[in-house]
Amino acid sequence: MQIAAEHIAPSEVRSPFLPGTNIQYAWSSTTLDLLKTCPRLYEYTVIQGWASRDESIHLRFGIEYHTALQEYAIARAKEINHEDAIHDTIQQLQGRVYDWVVDRSSRAGKYKNRESIVSLVVDYLDHFVDDPAETFILESGEPAVELSFRLELDWGPKATSHVEMDGNLMEVMSGEKKATRIFDQPYLLCGHLDRIVTYCDNLYVMDHKTSMSTLSGYYFNQWSPSNQMTLYTYAGNIVLHSPVKGVIISAAQIKLEEPNAFQRGFTYRTPDQLSEWTDDLRFWLGQAEAFATANYWPQNDTSCGKFGGCKFREVCSKSPQVRETYLAASFDRVDPLQTANNPFFDRSSE
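Letter 189 of the sequence shown, counting from 1, is numbered 189 in the numbering used here, and no numbers are missing.
Derived from the structure by calculation, the hints contain no laboratory data. Careful: at least some of the hints might be erroneous.
Across the chosen pairs, the derived CB separations fall in these ranges [stated by the list, open to error]:
no. : residue 1 : residue 2 : range
1   : F307      : R104      : 40 to 50 Å
2   : L138      : Q94       : 24 to 34 Å
3   : V122      : R282      : 42 to 52 Å
4   : S140      : N295      : 43 to 53 Å
5   : Y296      : R14       : 41 to 51 Å
No residue lacks a Cβ here, since even glycine has one placed at the ideal position from N, Cα and C.
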């Protein structure tokens with residue numbers, strides 16, 4: 001498989017779909033997770049843009065957490081001492097969230113708000129002041145934090161689209177002349193690598209996670225196998241042109257009355273596992289194109305009860321003709337291009 005890797009800078013949000021279709025050509029771990037879990041879940045979330053009413057809280061909290069840790073890592077790479085780096089990081093964080101108001105009667109708002117984000121960042125940076133995982137420095141001299149990538153695969157959707165005659169390629173359909181436009185668009189894999197580190201003489205992607213639940217072995221077991229962590233390992237190998245051993249999950253547990261807790265876990269990927277994942281990827285992207293072409297996204301009813309239950313479970317339990325009513329009553333409809341479900345979404349733009 002031939003791959004073209006591209007480091008990207010923030011730009012205007014673009015669509016990950018072929019023009020005039022629901023055929024997605026740019027994919028992230030998030031959208032792949034949704035597709036693999038349940039095509040109907042993917043349709044409701046990515047195509048139609050339905051979102052639960054506390055999703056914006058989780059998104060904002062995650063963006064602020066990642067941004068703060070990125071700013072601290074950059075400062076430390078510039079040899080700014082810990083106390084000055086943490087002071088500047090928190091000052092900038094407080095400037096961004098001073099007017100952030102959430103509904104604290106909700107579980108999400110109770111745990112994730114402007115006070116808890118500041119507390120969590122301070123506790124994390126103090127906890128890892130002598131971090132054994134060292135930030136990798138790129139050839140440019142910049143620290144390898146918040147690396148955005150787009151990996152161009154050597155194949156793309158098979159779709160063609162018929163449009164009014166305006167080109168040289170012609171065909172006749174139902175007695176009318178049509179021009180056939182062939183989408184010569186390769187698939188793209190997109191995402192962000194939180195941090196590349198060296199640990200015990202090996203390269204790892206470090207991925208930051210926040211949780212409101214206990215950081216047990218059960219929590220870390222969910223990342224092996226994991227579509228997200230395999231993609232990050234795969235991308236790390238290509239972006240760095242060096243072997244990446246796997247991902248370090250750096251997890252933070254948000255606590256209300258006790259000090260926040262931190263724990264790290266490892267998940268490894270062999271070259272054979274990465275190869276198997278890319279073979280599977282060709283199948284999954286073909287399935288997605290078939291669903292989009294048929295304009296039908298089947299329900300995977302074996303996934304409805306997993307991970308505490310799908311957020312659309314109540315909707316899918318209703319008769320098809322009334323589901324739209326239940327969706328409108330319980331969810332907000334947002335522009336899918338303006339959310340993290342769009343692989344081209346720049347999380348620094350929030």
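Evaluated hints:
The beta-carbon spacing between F307 and R104, approximately 25 Å, falls outside the hinted interval of 40 to 50 Å. Checked against the hint of 24 to 34 Å, the C-beta distance between L138 and Q94 comes to roughly 29 Å, which is consistent with it. For the hinted restraint 42 to 52 Å between V122 and R282, the CB-CB distance of approximately 45 Å keeps it satisfied. A hinted range of 43 to 53 Å holds for the C-beta pair S140 and N295, which are about 45 Å apart.
As the Cβ distance of Y296 to R14 is approximately 26 Å, the hint placing it in 41 to 51 Å is violated.
Checked against the numbered hints given earlier, this structure breaks hints 1 and 5; the rest are met.
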